[in-house]
Amino acid sequence: MENLNDKKCTACSFWPPDWRYKCQKCRAVFTMPAPRGPADEKNRKCPECGGAEIQRTDLVKSEACPPGG
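Take -8 as the starting number for the sequence shown in the working numbering and just add one per residue.
Be aware that one or more of the hints could be misleading.
Once the Cα atoms are required to be at most 27 angstroms apart in a straight line, the calculated DSSO-like pairs of lysine-lysine come out as [claimed, not checked]: (1) K36 to K52; (2) K33 to K52; (3) K16 to K36; (4) K16 to K52; (5) K13 to K36; (6) K16 to K33; (7) K13 to K52; (8) K13 to K33.
Since the hints were made in silico from the structure, they are not lab data.
These figures come from a predicted structure and were not determined experimentally.
Could you put the whole structure together from the sequences, leaning on the hints where they help?
So, in structure tokens, the structure goes:
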């Protein structure tokens, strides 16, 4: 499996990408901005059930990307 930490937003170079996560507990799929560091990621929880068992699944274009980016 590729290392998602090494991927960059291909749509623009100004803003970090959003990450798509899947909760292992309730199976919810959601996006969050890229973490600012290991501590930020460690403290993330599922917005649906509050579970900490979440897994990054994909990189998605950030809402902050400029139009046409």
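Taking the hints in turn, this is what the structure says about them:
For the given pair, K36 sits about 21 angstroms from K52 by alpha-carbon distance, which is consistent with the 27 angstroms threshold. For a cut-off of 27 angstroms, the pair hint linking K33 to K52 stands: about 22 angstroms separates their Cα positions. Taking the CA atoms of K16 and K36, the gap is near 11 angstroms; set against the 27 angstroms cutoff, the hint holds. In summary, the hint linking K16 to K52 is supported, as the alpha carbons are separated by about 25 angstroms, within the 27 angstroms threshold.
Under the criterion of a C-alpha separation no larger than 27 angstroms, the hint pairing K13 with K36 is consistent with the structure, at around 10 angstroms. At roughly 16 angstroms between alpha-carbon atoms, K16 and K33 fall within 27 angstroms of each other, so this suggested pair holds. Using a Cα cut-off of 27 angstroms, the hinted pair K13 and K52 holds, with the two alpha carbons roughly 17 angstroms apart. At roughly 15 angstroms between alpha-carbon atoms, K13 and K33 fall within 27 angstroms of each other, so this suggested pair holds.
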